[in-house]
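Here the protein sequences come in this chain order: A and B. The first sequence runs 1 to 165 under this note's numbering. The second sequence runs 166 to 495 under this note's numbering.
Simulated from the structure, these hints should not be mistaken for laboratory data. Among the hints, erroneous ones may be present.
Think about it this way: if two alpha-carbon atoms lie no more than 25 Å apart in a straight line, the pair counts; the simulated SDA-like pairs of lysine to any residue are [as the list claims (entries may be wrong)]:
(1) K17(A) <-> S460(B)
(2) K150(A) <-> N464(B)
(3) K477(B) <-> M142(A)
(4) K149(A) <-> N200(B)
(5) K17(A) <-> L473(B)
(6) K150(A) <-> F267(B)
(7) K144(A) <-> H481(B)
(8) K155(A) <-> V465(B)
(9) K168(B) <-> K150(A)
(10) K477(B) <-> F110(A)
(11) K17(A) <-> M483(B)
(12) K149(A) <-> L473(B)
(13) K150(A) <-> N200(B)
(14) K453(B) <-> E161(A)
(15) K254(B) <-> Q26(A)
(16) K149(A) <-> R469(B)
(17) K477(B) <-> E84(A)
(18) K477(B) <-> N156(A)
(19) K150(A) <-> F491(B)
(20) K150(A) <-> K263(B)
(21) K144(A) <-> K263(B)
(22) K254(B) <-> F148(A)
(23) K477(B) <-> P146(A)
(24) K155(A) <-> N463(B)
(25) K17(A) <-> N247(B)
(26) K144(A) <-> I383(B)
(27) K160(A) <-> K263(B)
(28) K149(A) <-> H481(B)
(29) K150(A) <-> L461(B)
(30) K144(A) <-> N247(B)
(31) K150(A) <-> G462(B)
(32) K144(A) <-> N463(B)
(33) K376(B) <-> R87(A)
(34) K144(A) <-> F267(B)
(35) K17(A) <-> K254(B)
(36) K160(A) <-> N200(B)
To be clear about the criterion: a stretch of chain B counts as covered by chain A if any three or more of its residues have a C-beta under 8 Å from a C-beta of chain A, and this derived list gives those stretches [as the list claims (entries may be wrong)]:
(37) 247-253
(38) 472-479
A virtual CB, placed ideally from N, CA and C, is assigned to each residue, including glycine.
Residue strings, one per chain:
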Amino acid sequence: MYEEVTGSLVQSYNICKRQVWLMAHQIIPDQEHPYIEMGRLIDDISYDRDRKKINFENVVIDLVRNDNGNLLVGEIKKSSKAVESARLQLLFYLYKLKQSGIDAKGQLFFPDERKKIDVRLTSESEMEVVSAINEIRDIINMDKAPAFKKIPYCKNCGYKEFCLS
Amino acid sequence: MKKPVYIFSDGELHRKDNTLYFEGENGRKFIPVENTSEIMIFGEISLNKRFLEFISQSEIILHFFNHYGYYIGSFYPREHLNSGYMILKQAENYIDEKKRLFIAQRFVEGAYRNIRQVLKYYQNRGKNLDDIIYAIERLGDLIAGTSDVNELMAIEGNIREYYYKSFDEILGNSDFEFDVRSKRPPKNSLNVLISFGNSLMYTTVLSEVYKTHLDPRIGYLHSTNFRRFTLNLDVSEIFKPIIVDRVIFTVVSKNIIKKDDFDQDAEGLLLKDRAKMAFIEEYENKLKTTINHRSLGNNVSYRRLIRLELYKLEKHLMEEQEYTPFVAQW
Ligand code: SF4
């Protein structure tokens, strides 16, 4: 076991399993790559009531307190193209918050498309998160990185030159 | 794209808040931190710890050269891309003699094939290199069958000896006769250029190693003693013929560097600053030259090619893809 599952790994998990393994083994090839963001593995949750924001790894989450005293965690995304990936990531955050004793609800915002999607940590979606976490752990624990298989994402991936060299 | 900064004059390097500057006889010169990958120091420089701390934070390497233009050493900021996994793999491949020999052989093979390519190029242009190429090819055939690194090094030495003999034929310039390979300090002009170019190559590769997860202290062809950097020497072998030597051929044949660009002092020959700068200009141009990369599907510079070579080595250490060295197509 190399490291804790983080939001960055969950994000990678939706994109490419090989990326998960490489990141978890601290193989972060190209720091000069313009798209590189995922290398920044800042993994502390800082919960700041006043600013009403949670800084969570490389994602800043807007945070609103709703009437019932529950937290609403909202994540703003540019486009709904990667909605599945965004949903799983948000579920992962909700799950982590729950583990720290904070019950929260989630919402994905797509301002450009005037769209909102509610994300709830139900027993079903919790299972989904747990199984993703387990699978990420399995990937990390593999002796070798999952073999390279070209996917459309490779074009914008910081690992591109590493994978294709 | 970050660039190396070269300093030839004497002076002081300073940090002022979050900027760097060089103060020399001709006033102050700012060094843009975001755009600088490394600082190559040829002049007499003084600097302090504050400066080194900032350099470290900014992930800039300092490479020092002596009066004659040879590499002395580097200030290599504490490794910023650490992967315990990769270091273990690198060490494992060093300790296991078979694995180490395999990698060392690939480096020599790369050097050999690129040397051959350079010679073939000049053979096609009418230079009489048949005998030398024949001898080198016979030696090249022996690389794969070597049973230890010393034997491999001996073959490499022999190849290089034949190869340097070809320089006289290639250059056909009596001011730059090879005679015998001499180092520290070199005895003739051609040797000065070779040593200078190789020094530059070692630092370029070292700077690229810094951007990977490889530990430069663990080399395979050049033995590791953990006291100096050796992996960059290994990888340089592959690129010296196609980068350094081609720059030498250019600066000599185009008269960019001439006989009177050298000074004799008590200990040996040295290249004048003007000539060093001219050499560096050609060298940097060469590093920027791009070639088409098949699997990446776009053009990459020679400098980038060095990085890709290191990635290939990493993948070999990870047991993903057997390492094969880069061989120039012309
Ligand atoms: S380049 Fe492609 S295969 Fe490699 S990590 Fe990125 S997405 Fe995955």
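Checklist entry - Keeping to a limit of 25 Å between CA atoms, is the pair of K477(B) and F110(A) held or broken? => result With Cα atoms ~40 Å apart, K477(B) and F110(A) exceed 25 Å; violated.
Checklist entry - Under the criterion that the straight-line Cα-Cα distance not exceed 25 Å, is the pair K155(A), N463(B) satisfied? => result holds, 11 Å
Checklist entry - Does K160(A) pair with N200(B) here, judged by a C-alpha cut-off of 25 Å? => result holds, 23 Å
Next on the checklist: Checking one constraint from the list: CA of K149(A) to CA of L473(B), max 25 Å. Satisfied?
Outcome noted: holds, 18 Å
Next on the checklist: Would the hint linking K168(B) and K150(A) be met if the CA-CA limit is 25 Å?
Outcome noted: violated, 31 Å
Next on the checklist: Checking one constraint from the list: CA of K144(A) to CA of H481(B), max 25 Å. Satisfied?
Outcome noted: holds, 11 Å
Checklist entry - Does the alpha-carbon distance linking K144(A) and K263(B) stay inside the 25 Å limit? => result Cα-Cα ~21 Å, so holds.
Checklist entry - Are there three or more residues in the segment 472-479 of chain B whose C-beta lies closer than 8 Å to some C-beta of chain A? => result With 6 residues close enough to chain A, the hint holds.
Next on the checklist: Need the status of pair K17(A), M483(B): alpha-carbon distance at most 25 Å?
Outcome noted: The hint holds at about 16 Å.
Item to check | Hint consistency between K376(B) and R87(A) [alpha-carbon to alpha-carbon, up to 25 Å] | outcome: The given pair, whose Cα atoms are some 34 Å apart, is violated under the 25 Å limit.
Checklist entry - Would the pair K150(A) and F267(B) pass a check requiring their Cα atoms to be no farther apart than 25 Å? => result violated, 29 Å
Checklist entry - Is the Cα-Cα distance between K477(B) and E84(A) 25 Å or less? => result Outside the cut-off at roughly 34 Å; violated.
The structure does not agree with the numbered hints 4, 6, 9, 10, 13, 17, 20, 27, 32, 33 stated previously, though it agrees with the rest.
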